[in-house]
Amino acid sequence: MKALLAIGCNTYDHINPSLDGAEPDASRIFDGLLKSRSPFYDPDRSIILRSPSVDEVRAALRSILFSGHKLDVLTFYFAGHGTVSNSSFYMCTRDTQSDALSATAFALADLFRYINEAKPVQTNIIIDACESGGLIEDLNVLLKGSLYGEAGTPGVTLFAASASNESAQETPQGGLATQALVAYITGSDFLRDDSPTLDLLEIGRRINDQLRSANQSPIMWGLNLYGPPQFCVNPKYSATDSELRQALKLASHAGDQPSSRDISALWRLHYALPESWNARAFVDALSTCLIAFGADENRRALLAKRYYEATCARVLDCEEAMRKAEVGAALLAALLPWLHERASMHLAFSVQQDIVEQCLKTSAEITTLLAKDTLALLRHPGGGLPDLFYHPLRLSKLIGWLALPLSASHTPSSMQNIDGYLETVRALISGNQECFTVVCEDQAPGIAISVSSLICAGETDLAEELLGYYFYSLTETGARIASSSSDGTSALEYMLARAMNDFDVATNVIAHPCETLAVVLRLGQAAGLDDAFDPYLWQLDGAAGIFFLTENWKEFANEQITSGQNYAFAIGREIFRIQDLGAARTGKTKLSPIERFSLLCTALIFPDRVPWFQVEELVAAREQAAG
Amino acid sequence: MAAFAKKLAEANRIASHDFIAKENIHRLRHGRDWGFLHASPEAFDGGMKVHSTEISTSIEDIARHRVECLSLSLASAASEMESQFARNLYQTVNDACESTGNTVSATDNSSLAEAFYAAIEKVEFTADKSGQVHLPTMHAAPETARRMQADLEASSEEFRKKFEEMKERKIKEALEREDERKRRFVSYGTEE
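For the record, the sequence lines run as chains A and U. Sequential numbering from 3 applies to the first sequence in my numbering. Sequential numbering from -5 applies to the second sequence in my numbering.
Treat the hints as calculated values from the structure; they're not laboratory data. Be aware that one or more of the hints could be misleading.
Stated by the list, open to error - To give a feel for the contact side, a few chain U residues facing chain A, derived at Cβ under 8 Å:
(1) F(-2)
(2) H20
(3) R23
(4) G29
(5) L31
(6) Y111
(7) F157
(8) R171
(9) R175
(10) R178
(11) V180
C-beta: ideal position from N, C-alpha, C; glycine also.
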C-alpha cells in the first residue's frame, strides 16, 4: 500500500504575500504520480489539500497513516511558505500566524513523529518552500538509535527545494524544483531506463545539478535506504529494453559477438523511435550484429527476438497503422540469410503470426472506416495535393500488405482471411477507383503480391479488375512513371509532367526501363488476359520494361542485390502480345513457406525489388494447365 | 562527398546524351548483368563496363582554402568519365561490327566518298512510329571528317545520283519495315 499526501498552500489568512503557484504545483505532483498509466500510489489512500488549515493537514495524515493497512510507502509533498524558528522548520498553512508558529503551523518535527509511530517502510518528503533546507534542524527527532539501525526499520528520503538561507524560486509555471521533479515523474526528462521505479534521492541529485545555474541548491538527505527505488514509476523503463540490454551484453570471453560500435548503432536507432522509423537502417544495423554471432545461432536468434520485441514496444502507440507489421517485415528481411537455422526459423514463424494478425486487424478497421466514409484515407494531416501522387502509392502498398495473410494461409481461418481481404479491396476500390493507377515504380511489389495472391486464391474477377485499372493507366501514360517515391521534389516534377502530358521535361525522374510494366503484363499473362490486353498493347509501343530475377534470396534484403539477371524488353520490338514475354522463369531453388513469406515482406518494405517467384509460378501453372 | 558524386553523375548523364538518345539509356537498380528478354544466341553482348576515376587534392590546397579545387576536381573527374564512356562506346560498336563482319575499310575503296557510300549501304535506316525516317549519324575523327566532306563535295554527278537512289531505297525499306512491325500488333492504331 502506497499513499501520497500533496499540499499546496496559496492562501494565507495572516501571512503576506499570498502565493500563486503552490496549489498548481501540488496538483501537478498529484496528477503526475497518480494519473499515469500505472499509478505507483493507491488513489483511495492518497489526498491532495489546497490551502488547508493546520488541523486539516494533521487530519489527513492521521487518516493516511493510521486507518487501514500499514503503509509501504508514504510520500509527503508540501509547496508554500516555510520558515525556521527556534531550531525547527515549519510549513505554513492557511491559518498560520507568524507569532504563534508552534500552535498554528505544521512543524516538520510533528511529521517525523507521525512517521516514527506509523513506520511506513519508506517515506519520501518533498518540501518546495523558502528556507526548506532548514529541515536539517529537525533531524534529531528522526535520528534516534532506538528507531533506526535495526533490520527492517523505516527508510526516509528528504528533498528540500532550497538551502536554509535561500529562496525557492518560482516562475508563472510554478516552483523551479517542482517543475524539474514533475519532468522526471512524467518522463519528459530522462533519468534512466533500466529500472522500473525511480528513487527520489537520485532525481534530487539531478535536479541539484540543474538548479545550480539558477543559484538554488536543493538539499537531500537519505536515512536507512535499502531495497528497490520507491518514489515513482519510471516512465522511461521498458521491460523489453531491459531484456534487449541483456541480449546485447558483451560476453566476457572473446568469442563471436557484435562490436560495441555495432551495438551503439542499434541503440541509436532504437531511441530514435517512434518518431523516426527507417526500415533500411533497421535491417542494416541488425544484420551487421546477426552476422557477428558466427556459428552461435541461439544468440543470433535471441538478439533478433529481443530487438524485435523492444522495437515493437516503442512503436506501440504509433499512428501509422502498419508500423508494427513493418517492424516485423524488417526483422524477417534481416533474418533471410539465417532462416535455415532452427532458432531463427521459429522466431520467423512467430513474427509471421504477428504480421498476419496486424494485417487482419488493419483490414477490418479499414473496411469499417470506409463503410462510414469512402474518402476516409484521404483525410489525414499532410494530405491534399501531395496525395495525387502518394494516394495511388498508398493503395497499392496497402493491398499488398493486406494480402499477406493469404500467403500465410495455412491457418484454419484462411477462408475467412480471403473473404475479409476481398471486402477490404472492394471497399477501397469503391471510393478510390481512379487512384488505382500507376504513378511510381515503388508500386510494383504491392501490385505483384496483391494480384498474384488473388489469382492463387481463385479470386480471378477481382484480380482482373485490378489489373485492368493498372494496365489502362499504363497505356494512358505510355508506361512513363516515376522511378522512386523517396524524393518529394521528383514526385512533384513527375506529376507536373503527367498533368501536361509532356514527359520529356521529366526524363530524369522517369523509370526507364519500367519493372511495374513487366509486373502488370506478366500478371495479365498469368491471368489469361491476352484478349483484354493485346488489342491495346500498341498504345505502349516503345515502352521499355524489365525483369530483375535473382535466386540468391539471402541477399534479397541488401540495399543492392548483386547476383541476378536483368531482362530488358521493349513493346513493339520483341513484345507485340503478352505471350511474347515467354515461358515462366521459375527458379531451381525450392523456397520454404517461411522464406516465401519473408521475401514478400522484404519487397513490401524495400519496394525497389519484386518477388518475381510468386508471379512466375502462376505463369508456370497456367502453362501447365494449358498443356 | 555524396553531393559531389551526385553532381558528377549528373555531368556524366548529360555527357552521355551526346552519344546516345535518351530513350536508349537504361538505369538498372540491381544486378551486374543485363540482356534482352529474347536476345538471339548470336547477338553481340558487350557486357557491363565499369568507368571509374580518381581525384586527388593536396592537403596544402585545403589549408590555403583554394575553393577552385572543387570545380577543377569536378571538371577533371567528369572529363575522365566522359572520355572513358566514349572510348568504351566506340570500342563496343567496333567489336559488334567486327563480330558480324559489318565493317568497311577505307583502303578497300577507291576514295573516302566511296567508303562513305559503302558504310551507309551497310546500315539499316529506321523509321519511328510516326513514320519519320532517321538517317544514320556518323562519328569520325575531325581530320577524317574533313577529308570525307571534301571528297563528297568533289564527287561526280553519277556518284551523287547513285547515292540518292540508295538513300531513297533505304528510306522505303525502313518505312516498309515499320509497317511490318506495326502489323505484328493485334490492331495498331485502333481504339476498339
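How the hints compare with the structure:
1. F(-2): This hint is violated: F(-2) of chain U lies away from chain A, its Cβ roughly 18 Å from the closest one there, beyond 8 Å.
2. H20: Since the shortest Cβ distance to chain A is 5 Å, the answer is holds.
3. R23: holds (5 Å)
4. G29: Hint on G29 of chain U: holds, closest Cβ of chain A at ~6 Å, below 8 Å.
5. L31: With a closest approach of 4 Å, the L31 of chain U hint holds.
6. Y111: This interface hint is violated because 29 Å lies over the 8 Å limit.
7. F157: Status violated, d = 30 Å.
8. R171: violated (12 Å)
9. R175: It holds, given that the least Cβ distance between R175 of chain U and chain A is near 6 Å, below 8 Å.
10. R178: R178 of chain U check passes; min Cβ-Cβ to chain A is 4 Å, inside 8 Å.
11. V180: holds (4 Å)
Hints 1, 6, 7, 8 from the list above are not met by this structure, while the remaining hints are.
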